[in-house]
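Going down the list, the protein sequences come from chains V and H. Each residue of the first sequence is one higher than the one before, counting from 1 in the working numbering. Each residue of the second sequence is one higher than the one before, counting from 1 in the working numbering.
Since the hints were made in silico from the structure, they are not lab data. It is possible that part of the hints are untrue.
Here are the simulated DSS-like pairs of lysine-lysine, each with C-alpha atoms no more than 27 Å apart in a straight line [said to hold, decoys possible]: (1) V:LYS197 <-> V:LYS277; (2) V:LYS280 <-> V:LYS193; (3) V:LYS193 <-> H:LYS20; (4) H:LYS43 <-> V:LYS103; (5) H:LYS200 <-> V:LYS21; (6) V:LYS277 <-> H:LYS200; (7) H:LYS19 <-> V:LYS193; (8) V:LYS280 <-> H:LYS170; (9) H:LYS141 <-> H:LYS231; (10) H:LYS141 <-> V:LYS48; (11) V:LYS20 <-> H:LYS200; (12) V:LYS197 <-> V:LYS280; (13) V:LYS132 <-> H:LYS52; (14) V:LYS150 <-> V:LYS235; (15) H:LYS127 <-> H:LYS231; (16) H:LYS170 <-> V:LYS279; (17) H:LYS20 <-> V:LYS103; (18) V:LYS197 <-> H:LYS19; (19) V:LYS132 <-> V:LYS235; (20) H:LYS170 <-> V:LYS20; (21) H:LYS141 <-> H:LYS127; (22) V:LYS20 <-> H:LYS193.
Each chain is listed here by its residues.
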Amino acid sequence: MKLYQNSRMKNNKMNRTAQKKDGYVLQGISLFYTGFLIILPVLAITVKAFQGGGCNLWENITLPQASHALILTFAVAAIMVIINVITGTATAWVLVRYRFPLKNLMNSMIDLPFAIPTVVTGVMLVVLYGPKGLIGGFLEHNGMQIIFEKPAILLALLYVTFPFVVRSVQPVLLEMERDMEEAAKTLGATPSKIFFKIVMPTLTPAIITGAALSFSRAMGEFGSIAIVAGNIPFKTQVASVYIYGELESNNQQGALGVSVFLLLCSLFILILLNIIKNKKRTNEN
Amino acid sequence: MKIKSESKLNWFYSAGLTKKILIAVVLIWFCLLIVLPFFGIVKACFENGADKFFSALMVPEARHAFILTMIISIIAIAFNTVFGVILAIVLVRYRFRGTSFFEGLVDLPFAVSPVVAGFMLIILFGKDGWIGQFFEMHQIKIIYAFPGMVLATLFVTLPFVAREIIPVLKEFGIQQEEAAYILGASRWQTFWKVTLPSIKWGLVYGMTLTMARSIGEFGAVLVVSGNIIYKTQTSTLHIHQSFTDFNYAGALSGAIALAMISFLILTGMQFINERR
Chain V
1 MKLYQNSRMK NNKMNRTAQK KDGYVLQGIS LFYTGFLIIL PVLAITVKAF QGGGCNLWEN
61 ITLPQASHAL ILTFAVAAIM VIINVITGTA TAWVLVRYRF PLKNLMNSMI DLPFAIPTVV
121 TGVMLVVLYG PKGLIGGFLE HNGMQIIFEK PAILLALLYV TFPFVVRSVQ PVLLEMERDM
181 EEAAKTLGAT PSKIFFKIVM PTLTPAIITG AALSFSRAMG EFGSIAIVAG NIPFKTQVAS
241 VYIYGELESN NQQGALGVSV FLLLCSLFIL ILLNIIKNKK RTNEN
Chain H
1 MKIKSESKLN WFYSAGLTKK ILIAVVLIWF CLLIVLPFFG IVKACFENGA DKFFSALMVP
61 EARHAFILTM IISIIAIAFN TVFGVILAIV LVRYRFRGTS FFEGLVDLPF AVSPVVAGFM
121 LIILFGKDGW IGQFFEMHQI KIIYAFPGMV LATLFVTLPF VAREIIPVLK EFGIQQEEAA
181 YILGASRWQT FWKVTLPSIK WGLVYGMTLT MARSIGEFGA VLVVSGNIIY KTQTSTLHIH
241 QSFTDFNYAG ALSGAIALAM ISFLILTGMQ FINERR
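One chain only, chain V, in its complex shape (with noise of 0.2 Å):
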């Protein structure tokens, strides 16, 4: 008995350092590899930024160009925001609390957006938006033009994130429980009072991450704009379009201040997005 004690204590003990060692490791293997991939090219760009110092990476913000393409980007990445809290939260709430025809092939129709190739909603949206497309035909007969112009850069985006606040919406939505609404309604509250008062606070923080989701996506989307918007300089050229147009003409250090930049944000998001998450985790607790 006790020589079997001994054995499994011996044998446990085998087992735990054996662990250890494989998970120095699978450690190992995954700091290298995120390393080489992720925090090298990082740590690469930020050394290369400030190699010529701070002011001069400013300055290549500010250049006139530069900081266009950047307000643009954000001032119709934020348009598309608000466009896509309102749809896509209307979206999910349709789809969990509503039964209708066809409903569940468009609840699976919804992620189309993240399965297609950005250049080719590009190609789409031009063929039915563009002078000679069904819609399109139509609104330049009005004196309308979408494709090549600035409506092109929201409708591309708007394309491109639909799925974001819809499917961040839609779980909180299931799990919800309905009593309290039910309360309300009983105790004499409008829809509308519900609505703002009750589902809202629940909803919020998922609104919030599909809305940021959605917004650091429309910070850096390139492929369907590069096809739908035109990249005219000072009119519809947006910041990835910037940077990729600095980098053909061999312009690196014209394109580092922008790229920086959008780095930046992406970063301040990511961030954001964790701090959501880490509520949600001590809320559950």
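Given the structure of chain V, go ahead and fit chain H onto it with the hints provided.
For chain H alone, coordinates are given in the frame of chain V:
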């Protein structure tokens, strides 16, 4: 059954006015924004006849670009499967100081613009970069060549597999693995027979997402590839090039081929989701 058919018929009559309006608005918005462009492109493509579509698809440049896309996609799936599983296991099972920082790092490729990602890779792996210098000495070209395109695809697809597996691993716990140990299974056996089956569908889903993204990746690959026809041009780059060269037939046929593939991938994702 009767109840079901009745409710199907009655959805309209039983609904309140706000409900009806809300459903209508959402459906119209969804159709205009998401569904209509998809059908628009299908219609535009076959307007000129199917043979024109196929002949544009079979141009040697297009074929070459498609093969290159597939090769890169397969490499990306292979790398992500191995490293994604390892990353997820480390992040869930072997927590260390700084794990949460590490977890945030894994999400970074989701947040970074693909063009900026490509630019970062150029700085690091280019001729004067820290790592690029070393390879340059050995006459291996990374940027504006195939390895750079693979690196760019690996960067943008890094989170997919790990992100899908992490929640599954967390929920699965370690009890069954411990039971396998006690019953005398080796660590490999435990992984193959206990851990892997439990994360199977998460892994497959992550691989599907990786495939969709690697086929569709444009910005990062464009920046690092140099876009050389027959050499470093993938399908998305070919579509873009055709479009900017006013070769609309080429752009359309390529776009519709990729759209069909993404549609298939989406259907596959739905299938996997039902299994999970």
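We went through each hint and held it up to the structure:
{"no.": "1", "hint": "V:LYS197 <-> V:LYS277", "verdict": "23 Å, holds"}
{"no.": "2", "hint": "V:LYS280 <-> V:LYS193", "verdict": "25 Å, holds"}
{"no.": "3", "hint": "V:LYS193 <-> H:LYS20", "verdict": "20 Å, holds"}
{"no.": "4", "hint": "H:LYS43 <-> V:LYS103", "verdict": "25 Å, holds"}
{"no.": "5", "hint": "H:LYS200 <-> V:LYS21", "verdict": "25 Å, holds"}
{"no.": "6", "hint": "V:LYS277 <-> H:LYS200", "verdict": "26 Å, holds"}
{"no.": "7", "hint": "H:LYS19 <-> V:LYS193", "verdict": "16 Å, holds"}
{"no.": "8", "hint": "V:LYS280 <-> H:LYS170", "verdict": "17 Å, holds"}
{"no.": "9", "hint": "H:LYS141 <-> H:LYS231", "verdict": "13 Å, holds"}
{"no.": "10", "hint": "H:LYS141 <-> V:LYS48", "verdict": "21 Å, holds"}
{"no.": "11", "hint": "V:LYS20 <-> H:LYS200", "verdict": "25 Å, holds"}
{"no.": "12", "hint": "V:LYS197 <-> V:LYS280", "verdict": "19 Å, holds"}
{"no.": "13", "hint": "V:LYS132 <-> H:LYS52", "verdict": "19 Å, holds"}
{"no.": "14", "hint": "V:LYS150 <-> V:LYS235", "verdict": "8 Å, holds"}
{"no.": "15", "hint": "H:LYS127 <-> H:LYS231", "verdict": "19 Å, holds"}
{"no.": "16", "hint": "H:LYS170 <-> V:LYS279", "verdict": "19 Å, holds"}
{"no.": "17", "hint": "H:LYS20 <-> V:LYS103", "verdict": "14 Å, holds"}
{"no.": "18", "hint": "V:LYS197 <-> H:LYS19", "verdict": "19 Å, holds"}
{"no.": "19", "hint": "V:LYS132 <-> V:LYS235", "verdict": "23 Å, holds"}
{"no.": "20", "hint": "H:LYS170 <-> V:LYS20", "verdict": "19 Å, holds"}
{"no.": "21", "hint": "H:LYS141 <-> H:LYS127", "verdict": "8 Å, holds"}
{"no.": "22", "hint": "V:LYS20 <-> H:LYS193", "verdict": "21 Å, holds"}
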